[in-house]
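One line per chain: the protein sequences are A and B, in this order. For the first sequence, position 372 (counting from the first letter as 1) is numbered 371 according to numbering that gives the first Met the number 0, and the numbering increases by one without interruption. For the second sequence, position 599 (counting from the first letter as 1) is numbered 598 according to numbering that gives the first Met the number 0, and the numbering increases by one without interruption.
Worth double-checking, as some hints may not be accurate.
No copy labels: a pair is met if it fits in one copy or bridges any two.
Pairs of lysine-lysine, DSS-like flavour, derived with a Cα cap of 25 Å [said to hold, decoys possible]: (1) K154 to K249; (2) K280 to K622; (3) K277 to K116; (4) K277 to K622; (5) K341 to K491; (6) K110 to K277; (7) K281 to K622; (8) K110 to K622; (9) K622 to K116; (10) K290 to K519; (11) K277 to K491; (12) K287 to K249; (13) K110 to K519; (14) K341 to K280; (15) K158 to K280; (16) K277 to K341; (17) K281 to K110; (18) K642 to K277.
Please keep in mind that the hints were generated in silico from the structure rather than gathered at the bench. Because the structure is a prediction, the values reported are computed rather than measured.
There are 2 protein chains.
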Amino acid sequence: MALFSTDANSKSRIEEEELSVTSVQDLAPLQLAARKLRIHSLRSTAEAGSGHPTSCLSAADLVAAVFFHAMRFDPADPANPCNDRFILSKGHAAPILYAALAEAGALPVEKLYTLRKFTSELEGHPTPRLSWVGAATGSLGQGLSIGVGMALNGKYLDKLDSRVYVLLGDGEVAEGGVWEAAAIAAHYRLDNLIGIIDVNGLGQSQRTMYDGDVTAYQVRFAAFGWHTVVIDGHNMQQICAALDEAQGVKERPTMIVARTLKGKGVSFLEDRDGWHGKPLKKGEELEKALKELPLNGAGEPLRVARPPLRTGPRSTSPVAVTLAVTPMAADFPAPSYQLGEKVATRAAYGTALVKLGTINPRVVALDGDTKNSTFAEKFLAAHPQRYFESYIAEQNMVGAAVGLATCGKIPFVSTFAAFFTRAFDHIRMAGISGVTIKYVGSHCGVSIGEDGPSQMGLEDLAMMRAVPHSTVLYPCDAVSAERLVAAAAELKGTTYIRTSRPATPVIYHNIEEFPVGGSKVLRTSPRDCLTVIAAGVTLHEALTAYETLRAAGILVRVIDAYSVKPIDAEGILHAAGQTHNTLMVVEDHYYDGGLGDAVLSAVATYGVRVYKLAVTEVPRSGKPEELLDVYGISARRIVEQVKSLLAQGVLPLS
Amino acid sequence: MALFSTDANSKSRIEEEELSVTSVQDLAPLQLAARKLRIHSLRSTAEAGSGHPTSCLSAADLVAAVFFHAMRFDPADPANPCNDRFILSKGHAAPILYAALAEAGALPVEKLYTLRKFTSELEGHPTPRLSWVGAATGSLGQGLSIGVGMALNGKYLDKLDSRVYVLLGDGEVAEGGVWEAAAIAAHYRLDNLIGIIDVNGLGQSQRTMYDGDVTAYQVRFAAFGWHTVVIDGHNMQQICAALDEAQGVKERPTMIVARTLKGKGVSFLEDRDGWHGKPLKKGEELEKALKELPLNGAGEPLRVARPPLRTGPRSTSPVAVTLAVTPMAADFPAPSYQLGEKVATRAAYGTALVKLGTINPRVVALDGDTKNSTFAEKFLAAHPQRYFESYIAEQNMVGAAVGLATCGKIPFVSTFAAFFTRAFDHIRMAGISGVTIKYVGSHCGVSIGEDGPSQMGLEDLAMMRAVPHSTVLYPCDAVSAERLVAAAAELKGTTYIRTSRPATPVIYHNIEEFPVGGSKVLRTSPRDCLTVIAAGVTLHEALTAYETLRAAGILVRVIDAYSVKPIDAEGILHAAGQTHNTLMVVEDHYYDGGLGDAVLSAVATYGVRVYKLAVTEVPRSGKPEELLDVYGISARRIVEQVKSLLAQGVLPLS
């Protein structure tokens, strides 16, 4: 029997003896742990007045076995890189995760009763406000992807002996993201990844598709290449045996399919529909339930844990070491382009990414079978061990990037801008987690041409601006593209870089700098009648329009708003102040939510006039130049609009 | 041998004899058809200078067999409800779809050579600009869901004898959306759905995960409950036999897994990596390829097709009949609430949806295992045959809604607002298609409380505003909720309705009307110092703030902007003009892309000052009232902001 003396408030000293699960008495501590987890789940949700206790009750035996039989971790050190990791994909069962951590000594038991309070890091669904949670869950079907990322790191990058455990609900297995993760996990032979499905047969609003048919899950995961074990999820011996079996499986991940009962342990809750997301009422109802879960005097907190397999250096601060943002810009080799040379910003991205990979071994790249278009292929060629082909499965690509980020890697994730919409929920959850990921979306706008609207990113700026604390960058040439990629490498949280398909002229000197939150005034005079603000492909259209207007005696200011968020509010207001308080924003993006709205938002309280030129209808296939013109964002259309404003008397000529 | 005399330019007369495929000579017309499809694909993409001919070549024999052996349709009548349907999920193979339609007499052969031209309805990826395409494809992994929707209609609603054929690429099978569709298709026993996977082993940038291993696909679809048939995708007899077998399969869908070669038919293209998305060059390269595809004098267009099984009435215009928007508002029973009664707008949605279902038999509902929260459960209770439980699989839910919409059904799709981000790519593609769907997202904002950020819709307005031509509605009480749901029923294209979790007081009379694009001025005086614009939960906060301010001698105008898009620009500008050109927008949404930006966009060129109160950080669990206050959008915070502006001298007291 394993006994650990740990005290969360002092340095931990851990002793371990071999644990054998074949004898009944060995299971008693685990069964006790499960009972305590049930009690905590019921009490804490009753105290909070909300939560999902029945979803916790079905998982209690599984979680107890994972935490107190299988997992190797140091309860005093969440950031120990050798820790096994646990992801609660069925995030609504958060109370049981918190209970397990408390019983393991990782947080004080009293804290459990602050569940869902505004001041508590024990939120309704797990978030990294709690240091044991690397990435937030709660939007179902994402945890397995996060686990894939952690497992990729453990097997191929940091080469750890640790395991990654993911507990899923059965209802969430309907999510396609789970099957993307399943396929990738088998393809990459992630034998350090162990999934467990809590098959309690009940979803939120009705019974699940397969109800209690554990075979349905088993045959599907087996077909996807996983080792599978079917068990009674309330039989502690079977659970431990399955977890032990999983340790020895090579070359494939393991899925333990556990038949359970929602509400298990309390007779009036067991397998009853209508109890999802309902806490028991404090007082009579709660006490009635607790009577069925007696502790029989074993009231002392049970603190058991197994040590990590390789004791790594104790982190100096809980999560700071592996996640620290490393300065890289200083070592970044300058771009080396000729002025006027035509280079696509997507190509410059590839070049810059290779440079970053050389500077920092933590930089990794993922792409969704578009690497020859996004130019992530350059990174694959230069740093093959750090490139993970993610195939046509963007949700899992983002989820895996989240997992890698929690392990201290610096992921750059690329696909067509349009296809990031496939992963918006994962991007949203990554934003909630605050993990550091750079998303690079190519083929933005109508300027991609003949492939047509399905391939055009026209809403990506709106999407990425709406991620809290995101940075959104949109370079117009190869120099700024490389510089912004280098800048992005040092940013925390969500960063999005928008790249274009067509080759555009280099307009900046190689030594030019591009501070995040800045902009570049490219054309200026004391007689500018208004300011044209653009980025990417339309910046070049604006420069062409400038020449045409100048030849007609009309001067405009031109600003490259390469930093869409944060936007250079000060610079823009200054320009507005000097150009009749009139701005014209031109973007290869839909009308709502993009650069135009970003500019509007920046000048919102200053009474500035903003004219937006953007794509106002669903575009169609055509030549790039044709489309820019038809959709109102070409040089010719900019000239037309400026002249129209002048003709209407909206602004004076100078 | 089946012979059909059809002439696309005159009334079609169709004769059919039984087709047996066991004799070799029967296959000759099909092999000829396949060859012509190859020739067209190579020629049209060479002419266009772009496209994916090798992806067409691998599919040519499959497409020929589907169109000229299996499918029953009237080439002169795209809208015949009895037609079999074909969805090209691997949308980049569009040229071969067009070629098949041309050879079937559904469009002139010469048109094929307008591929990808701006003026042509034959776009780079299929869109409904071509009447034979019900829903756009091109973002991979969505076609099977669309097929699920069509099949649900055929089997359960219109009870047709027709089939739905979906051609998938192998790379796209990595998309989770395919597995959501697969699970649902088997669950709903869609034996009228036949999928075909073109397993050519080559993705865009490298070989696929399973390469040419057809068994990998076969075991996975079999595990998901499909009938599976593995064939050589270039053996016409096997293809036809598989298609024939699929006709007779009952109670489960069929997946035909076809081993093919990318570029099949041209020796220098066959199974070569690096040819994805590359057209041949006109001239020598093209001619070299065409030499390998001789027609041997069989130059006449081959026009074969089988008739629909039940001849329905010829539609009066190509797609107008089944998709016509039926007026419903006139028959909609008025809401019946008491002023002051507390009702959640999500509950009112459920009530309104039931009413619509009673009025119009084409109204259908889908929900992702949240029906007890979104109140779609009311529709399930009232109209069970028209409710489709979609389980926790939002991508497929939206794709299936698209399929249903193409069959003339009026889908209302609901889940938590936050979880619609899971389906943004499908929503995006539905927007490109212009199909008519209403999305109803509940549990918006921080006002949901303790469940925390993973469950809060805080970017949904940004997302849905960015869908071209969308309508975005945000009722604040039960009366406006019901009225707006009724109004939505008559709208074309994408409509989004945002509902809230908490019960809020009814503030409108039951007979009040809410025109789309309108707003309601709820508090007004000649001395208003500014205008507060809000919607949903914050509208009530604004009304409370109004009272507090009034008690302090400060008057503000209050507007309910229930129509976020189109927004009542005229009404807002009028109010601004009367209230010192100063607006304060308060929303339970992130700062970027929501109601504030919608207002800003409306007043953009008028120099109006707009102060935005919105959520500026990732929220956390807490009580709803607590969160509204902490995140700056409560009545108290509105009052604080107004007073602050007055104190700063930004605006006069009256």
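Against the structure, the hints:
no., hint, in the structure
1, K154 to K249, "within (12 Å within a copy, 45 Å between copies)"
2, K280 to K622, "between (65 Å within a copy, 17 Å between copies)"
3, K277 to K116, "within (17 Å within a copy, 58 Å between copies)"
4, K277 to K622, "between (57 Å within a copy, 16 Å between copies)"
5, K341 to K491, "neither (31 Å within a copy, 43 Å between copies)"
6, K110 to K277, "within (21 Å within a copy, 61 Å between copies)"
7, K281 to K622, "between (67 Å within a copy, 18 Å between copies)"
8, K110 to K622, "between (62 Å within a copy, 18 Å between copies)"
9, K622 to K116, "between (56 Å within a copy, 7 Å between copies)"
10, K290 to K519, "neither (70 Å within a copy, 55 Å between copies)"
11, K277 to K491, "neither (37 Å within a copy, 39 Å between copies)"
12, K287 to K249, "neither (46 Å within a copy, 50 Å between copies)"
13, K110 to K519, "neither (51 Å within a copy, 47 Å between copies)"
14, K341 to K280, "between (68 Å within a copy, 23 Å between copies)"
15, K158 to K280, "neither (48 Å within a copy, 48 Å between copies)"
16, K277 to K341, "between (61 Å within a copy, 22 Å between copies)"
17, K281 to K110, "within (18 Å within a copy, 73 Å between copies)"
18, K642 to K277, "neither (63 Å within a copy, 41 Å between copies)"
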